[in-house]
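Number of protein chains: 4
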Amino acid sequence: MYKKLKQSLYILLSPAKGNRVWDNILDYFLVILISLNVAAVILETVNSIYAVYAVYFKNFERVSVHIFTVEYVLRVWVCTCDEKYKHPVWGRLRYMFSLGALIDLLAFLPFYLPFTSVDWRHLRILRLFMFVRIFKLGRYLSAKELIANVFSSKREELILCLAITVSLIVAASGFVYFAENSAQPEKFSSIPATMWWGVTTLTTVGYGDIYPITLTGKILTSIISILGIGVFALPAGILASGFSEELQKRKHKHGTTCPNCGREIDTQHITHLS
Amino acid sequence: MYKKLKQSLYILLSPAKGNRVWDNILDYFLVILISLNVAAVILETVNSIYAVYAVYFKNFERVSVHIFTVEYVLRVWVCTCDEKYKHPVWGRLRYMFSLGALIDLLAFLPFYLPFTSVDWRHLRILRLFMFVRIFKLGRYLSAKELIANVFSSKREELILCLAITVSLIVAASGFVYFAENSAQPEKFSSIPATMWWGVTTLTTVGYGDIYPITLTGKILTSIISILGIGVFALPAGILASGFSEELQKRKHKHGTTCPNCGREIDTQHITHLS
Amino acid sequence: MYKKLKQSLYILLSPAKGNRVWDNILDYFLVILISLNVAAVILETVNSIYAVYAVYFKNFERVSVHIFTVEYVLRVWVCTCDEKYKHPVWGRLRYMFSLGALIDLLAFLPFYLPFTSVDWRHLRILRLFMFVRIFKLGRYLSAKELIANVFSSKREELILCLAITVSLIVAASGFVYFAENSAQPEKFSSIPATMWWGVTTLTTVGYGDIYPITLTGKILTSIISILGIGVFALPAGILASGFSEELQKRKHKHGTTCPNCGREIDTQHITHLS
Amino acid sequence: MYKKLKQSLYILLSPAKGNRVWDNILDYFLVILISLNVAAVILETVNSIYAVYAVYFKNFERVSVHIFTVEYVLRVWVCTCDEKYKHPVWGRLRYMFSLGALIDLLAFLPFYLPFTSVDWRHLRILRLFMFVRIFKLGRYLSAKELIANVFSSKREELILCLAITVSLIVAASGFVYFAENSAQPEKFSSIPATMWWGVTTLTTVGYGDIYPITLTGKILTSIISILGIGVFALPAGILASGFSEELQKRKHKHGTTCPNCGREIDTQHITHLS
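Chains as they are written, first to last, in this note's numbering: chain Y, 1 to 274; chain P, 1001 to 1274; chain X, 2001 to 2274; chain B, 3001 to 3274.
Just so you know, these hints were derived from the structure itself, not from any lab. Here a beta-carbon is modelled for each residue, glycine too, at the ideal position from N, C-alpha and C. Any given hint might turn out to be false.
Said to hold, decoys possible - Straight line, CA to CA, 25 Å or less: simulated SDA-like cross-link-like pairs of lysine to any residue:
| id | chain 1 | residue 1 | chain 2 | residue 2 |
| --- | --- | --- | --- | --- |
| 1 | B | K3136 | Y | S153 |
| 2 | B | K3144 | X | K2249 |
| 3 | B | K3136 | Y | K187 |
| 4 | Y | K84 | Y | Y112 |
| 5 | Y | K187 | B | V3052 |
| 6 | Y | K251 | P | N1024 |
| 7 | X | K2249 | B | S3153 |
| 8 | Y | K58 | P | A1193 |
As the list claims (entries may be wrong) - Coverage of chain P stretches by chain Y, computed from C-beta distances (three or more under 8 Å per stretch; other residues unrestricted):
| id | segment |
| --- | --- |
| 9 | 1028-1035 |
| 10 | 1053-1065 |
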């Protein structure tokens, strides 16, 4: 009876496991509760709203936190049904230190901590991370998997892109610092200060709070920002080829028979052909 | 006779149905009328122009509205020729609530409403939506279909991109709000206010009306805006693979014979091969 | 003799026709002369430079104009060697009204016009167009052809992209005008004035001279600028698939033999396979 | 003995040659030393930090410079083990003038130069170039090779992109100069000054320090910045097709058997097929 209850709860709480009515109801309930919590965190910071509805915000938070606590405790209890976390003690501990469980924990833990002198509002922002859970729910699974696979198969190239971007920012900031420092000693006061200029320029944000005024600085900026076009084009090109590849792989997963002789073809061979 | 007239009108009013001379004349007439109406809505708002030509604008609007009204009534009358809207009452009602017919309605309905105290100019802007009708006309059909197919086949991935973008904006705004709020309490007054910063930063618009000045805020902004490069690269990559796929599908629609044995090959099989 | 001279001159003046030494010398001479002219047009506008070197600029312009005039006259004379412009009168006229010849003409015509009251400087800027001629010279021919082919095969899709971008700008400007007009009547004075905001926002330039301050305006801007990401992703995706296609076509131009049976394969069939 | 020591040192100093423990330790040591040097160059420019830790910076620089000097001398000594630099004199000289060795030299040479009246800080910035060495170390080799191959195979197209971008900036600046010069004679004082506007607009940085205010200038800017979307889309498309091609080439390198008859297929043929 205890085992069966645990098993049922485990299936109920795993979004991808069953497609029964209860699953869907629980899913929708969680999506709505998480969305409302995220909205609450956002709206609480608007003084004019908080001044009027403070009591509602507090009550809603209290109720939500209790629901999330119960859910978390239940998840830790039933996680041993999963092969990965089978051991009653170590399995549960490993589950508790998994990224997903830690994010779940962030949603309610700050509520229980004794807030005395520390500014507790900084911790409440962590409730925002709950929106990650919405991504884990069961919709658009195929698209999520596709994007995740592309990022994972192109991981090295994307990290290199990031390294190139950061290197460009550092190098550009170094040179522009020496070009601008004497003309604008307050804005381009040091290389780290110039790196703020580097980021806003290479990402083409360009707030306009800091920009070169000397000829050398402007020429360097021109070179850097034209190179910066590549900073956008490179990951776009990498991801584009990644998506093409991933979609070709998916096609090859389906069994295929030779169109000429009807014999089955090992998809491994076909991959070489296309 | 009545039936025949209705049928002829139906064919005349459906741009894709016939390619006769009358069709083209009506098409060009509508394109010009719609373009002039859109231009009129735009130019009316320029006070120096409106002050001089007010009477022309009013007359042109009156004439246009009557033409669009007649066209709308005729379309509702003949829509029963279409299989989808066959029923004389429900078919016509369903046609009237189709997106296309509602946009047509917006073009002239505000003109007939009794404007008393309400600021009617806000409704006249809806005439701008008429330009959507130009897209529905018969040119560049293949390109339109291609783009529409790509968006439809990549719908899930693009919605996920949008969700990731919005989540990044919300998360970034949450953190930057806590970093900047004490330094710039007027500009970063709340998370929703900070989200305006988030949008202008992640989309790299960067007006410069709101930007971080604290070290934490600048570091967070740097991380966010470098991640923001991915926000541009991801949909570009998805659409690129979508266009490649769609063009491959088009090729496969044509019948194909095996290059080896000359027998015809079911394109279904070929799809697996490529 | 006359014919032979004309023929030799024709071959000499057509960059792609011969690869002899004289051709290369003439090519390099023209590239340098054009580059110097473009540089001269640019530097003339710097008052501190022009004040000192005015006489050099004027002399250089005079010499260049005479060279370009002679070259133009010679080109018009020998153009009848080209099959396209065979007729001694109509062929020459058609050549003179070709885009290339008109651009050539712009390089020296303003010099001969009697400048009295008109501000002639506005015409001199047309000399800048000479740089187009550098693109026509013989280097990177394969890359130029590739890019030109992709733009030509994707012409319809790119025009649609442009139409979508312009429509988005117009629609966004219409709505933001009504949202911002009462709050910033000077900046958002009319829809055409707001379209300046629309362009700087959708292209993510964001100078910061004009931006919304009302809540409605900011929400509309957020939607528009997130949609604007697609404005960059769509042409990138179209061009990416265009380049892939074009490169595949190039491969298929080479004759191919079936890897299985050694028979030759019609590339037409192969196209269906890949 | 001497030869063996030289050979061992050569293998030790070439990151890609061996995968022994000592190699990894030396690699990690160099990565950390280079990173710390780059960090030192950056942080030295922050006055508040330099004021306190000047002595540490100076000592760290002295130690680093000695290490890099020893490493450089050793590399020059053992480089003759490489086939490319076999000759004891000319080979060593050719090695010393290779790009990699020159960058190594920049890291310590400024330290030894007698700094008297020249502002030596401008030379110290060259130490920043050391980060290039981190890219040369052995991680992500496959991704680096992929990106390098794509850039090399698409070199011509990318140079054309750059030429188109620069031409657009020059042409746009020429026209906007004539449109804006009379309205803003200080900001749009000459075409070179306007080119600063051109760069910040076409790369969509848009600092907001310089922007058109006349109607003509705004219309020209709108056209240019919409064309500027292509400036981002074109290299993205080129790189996307380059990555797809490169990945297909890699697949074909592996031996392949015909899916129909099981015989081995020369990959050369297959390339034509796909």
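Does V3052/B lie within 25 Å of K187/Y when you go C-alpha to C-alpha? Given that 25 Å is the threshold and the Cα spacing comes to 22 Å, the pair holds.
Would you mind confirming whether the straight-line C-alpha gap from K3136/B to S153/Y stays at or under 25 Å? holds (22 Å)
Straight-line alpha-carbon gap K251/Y to N1024/P, limit 25 Å: With a Cα-Cα distance of about 43 Å, the restraint between K251/Y and N1024/P is violated, given a limit of 25 Å.
Given hint S3153/B paired with K2249/X - CA-CA distance at most 25 Å: holds (17 Å)
Assess, step by step, whether the Cα of K58/Y is no farther than 25 Å from the Cα of A1193/P, and give holds or violated. holds (22 Å)
Restraint check for K84/Y with Y112/Y, where alpha carbons must lie at most 25 Å apart: Distance ~29 Å between K84/Y and Y112/Y Cα, so the pair is violated.
Sort out whether K187/Y lies within 25 Å of K3136/B, counting only the CA atoms. Violated, at about 34 Å.
Examine the segment 1028-1035 of chain P for residues whose CB is less than 8 Å from any CB of chain Y, and state whether their number is three or more. violated (count 0)
Mind checking the alpha carbons of K3144/B and K2249/X for me, to see if they're no more than 25 Å apart? Judged against 25 Å, a Cα distance of about 28 Å means the pair is violated.
8 Å C-beta criterion, at least three residues: is the segment 1053-1065 of chain P covered by chain Y: Coverage by chain Y is violated for the segment 1053-1065 of chain P (0 residues, Cβ < 8 Å).
The structure fails to meet hints 2, 3, 4, 6, 9 and 10 from the earlier list, while all remaining hints are met.
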